[in-house]
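A.B. asks: What follows is each chain in one-letter form.
Protein chains: 2
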Amino acid sequence: MLEVRRLRLLAELAARGTLAEVAEALHQSPSSVSQQLGQLEREVGVPLLTKAGRRVQLTAAAEVLVEHTTEILARLEAAEAAVTALGDETAGTVRVAVFQSVALAYMPQALADLTRRHPRLRVMLSQRAPEQALHDLALRELDLVVAEHYPDHGAPHFDGLDRRPLTTDRLRLALPPRGSGAIWDDITSLAEAGCVPWAMEPPGTASRHWIEEQCRRAGFEPEVRYETDDVEAHVALVESGNAVALLSDLMRVRHRTAVRLIELPGSPRRTVFTATRTAIADSPGIIACRAALARVVPADLVLPT
Amino acid sequence: MLEVRRLRLLAELAARGTLAEVAEALHQSPSSVSQQLGQLEREVGVPLLTKAGRRVQLTAAAEVLVEHTTEILARLEAAEAAVTALGDETAGTVRVAVFQSVALAYMPQALADLTRRHPRLRVMLSQRAPEQALHDLALRELDLVVAEHYPDHGAPHFDGLDRRPLTTDRLRLALPPRGSGAIWDDITSLAEAGCVPWAMEPPGTASRHWIEEQCRRAGFEPEVRYETDDVEAHVALVESGNAVALLSDLMRVRHRTAVRLIELPGSPRRTVFTATRTAIADSPGIIACRAALARVVPADLVLPT
DNA sequence: AGTATCCGTAAGCAAACCTGAAGGGTCGCG
DNA sequence: CGCGACCCTTCAGGTTTGCTTACGGATACT
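Top line first, the protein sequences correspond to chains A and B.
Here the first sequence is numbered in our numbering, starting from 1 and rising by one per residue.
Here the second sequence is numbered in our numbering, starting from 1 and rising by one per residue.
Just so you know, these hints were derived from the structure itself, not from any lab.
Ideal placement from N, C-alpha and C gives every residue a C-beta, glycine not left out.
Treat the hints with care, since some could be wrong.
Unchecked claim - A few chain A residues facing chain B, derived, Cβ under 8 Å:
1. Ala25
2. Leu65
3. Ala82
4. Glu89
As the list claims (entries may be wrong) - DEER-style ranges, computed between Cβ atoms:
5. A:Glu43 x B:Gln132: 54 to 62 Å
6. A:Pro156 x B:Pro47: 37 to 45 Å
7. A:Leu26 x B:Leu139: 51 to 59 Å
8. B:Pro47 x A:Leu26: 46 to 54 Å
Claimed, not checked - Listing some non-contacts, in silico: residues in chain A with all C-beta distances to chain B over 12 Å:
9. Ala15
10. Gln35
11. His68
12. Glu80
13. Asp159
14. Thr257
Based on the sequences and whatever the hints tell you, model everything.
C.D. replies: And the structure:
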């Protein structure tokens, strides 16, 4: 009988690309992974890996095996979830990742709510960009993710993921407060923000991609002078009269900022959703976490400008 | 992550009943099985076994786990079959079981055909009663089974089995040759065989159950004086003028017997089929074996009386 | 009551696994 | 073009895991 542990190594290799990465992800030495895969190859009697430069490439047979393995791993996880669900109380540990504004605005309250209701449930929270978080979720490094979806921007798709909307929040342009200087005060729409410095998230994020697209549609290429994934820094840069930036309502939940807000064309809203793997979607820990989030986060986030 | 090897032990326990039987089936010591199940119990954190007299009983949680495990094992097997199917040649080993008349009439030829076409395919053949064979097939102790199905007699059902008809053969009553004695010569139908000794297979077999039912419908309870699962012995007992017996055409393929044959009411036919587990139904070894059987066994067995 | 069967625990032992070091090959950069 | 960085593999080693035997408690059958 094929060993699932070995099959898993192959699946991880397919997902991560190099044998060294697999080893690091599973906290093993590359040597061990190599040996195990060699053993698997010997067992099935069909070559699974071919050398490709200094890396390895999966053969067609290996791809077939990976396909089955994905199913098997999901089923194994589902089995574990199902049987722990039969236990008396929601316990165990759930690894959650959220992006910054949710972490700041709602997680303290959500966590307090969770530990009060389920003292034996251990929640490990990490802050992670949505794209990375979904990726790690698919790789079973996380159990629950709060991610975002910008309008008309195809969110990355991963198989076996269970997504549920959490809330939506308005996206606006944030300008320095009135009196910070004429160049800011003259701006009354996005189209007029072509000649001022911007603060944006790093390239590769959905946020960056989306706002750049909006700028181009408005007729200009933004001058990105400040680049950071810390949205709090964006706010600080705008408040202090150094830049304009995209600002979502989620960031304004904790403390009202002095920034000036301008509606974007079409009053766009970002969708915030939770995601987990389908195999564990019914496990008590996941259900409890989602419920806590739903209690804490308003279904429709509407803040006065 | 749950170890599949341990889960398998639990599944086998569910199928076999006692921990000792599981150990024997997997060629291990009962102690080992007990330890592994204990480990599994510790891992899931939920009790899986309760003492029931000197045996153990599965808890509801364990049953859930078994259900998932069955799926996982099937998938694992399918993965292995799929990847070996990609290999250049049909090789490996297939464990086949057939019942007596097929073993005698057709297997020598079928085996010769197989080893000629696929020299690297190793076939392990055993002779086994259909009920037992199907049972062992479901338990993964066999890979391919040739079994029978009597008309109006519900064949035992096992999940995950792939059945395909192989042939049908006529069922008749066999009497001693003319001249063996008046008590035999006077019989011209089943209804008149109520006061003569019978040779039958042991109770619990489909054959026994079916012919007894036919006798009762004909208005008598048969006197079973000779009981053996060796159908060749039935023939010998009939030929030598000691009994009457049910005789299928399959038994007459090799050598014509001197027995006298009488049609049964409705000219009933038995169905002979091959069965394998769905997970491995597409593996080259299984396909090759089934093909060899189909070549050797006529689709419809019709022998002159 | 006696016996056989079954499950669980303890201790010794063998196999499997993982680690670390060394080697060969490839890619990228100066 | 040479060097370093990176990656995979092999080999020898220690450690963990799992298996086996032996023993004891409990239960069913005769």
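A.B. asks: All the hints need checking, so say for each whether the structure fits it.
C.D. replies: Now for the hints, and whether the structure bears them out:
1. Ala25: Ala25 of chain A check fails; min Cβ-Cβ to chain B is 13 Å, beyond 8 Å.
2. Leu65: holds, 5 Å
3. Ala82: Given a least distance of 5 Å, the restraint on Ala82 of chain A holds.
4. Glu89: With Cβ-Cβ at 11 Å, over 8 Å, it is violated.
5. A:Glu43 x B:Gln132: 54 to 62 Å: violated, 30 Å
6. A:Pro156 x B:Pro47: 37 to 45 Å: holds, 41 Å
7. A:Leu26 x B:Leu139: 51 to 59 Å: violated, 33 Å
8. B:Pro47 x A:Leu26: 46 to 54 Å: Check failed, 30 Å falls outside 46 to 54 Å.
9. Ala15: holds, 16 Å
10. Gln35: The claim holds: Gln35 of chain A sits with its nearest Cβ about 19 Å from chain B, beyond 12 Å.
11. His68: At about 3 Å from chain B, His68 of chain A fails to clear the 12 Å cut-off, so the statement is violated.
12. Glu80: violated, 5 Å
13. Asp159: holds, 16 Å
14. Thr257: holds, 46 Å
Hint compliance for this structure: hints 1, 4, 5, 7, 8, 11 and 12 are not met, and every other hint is.
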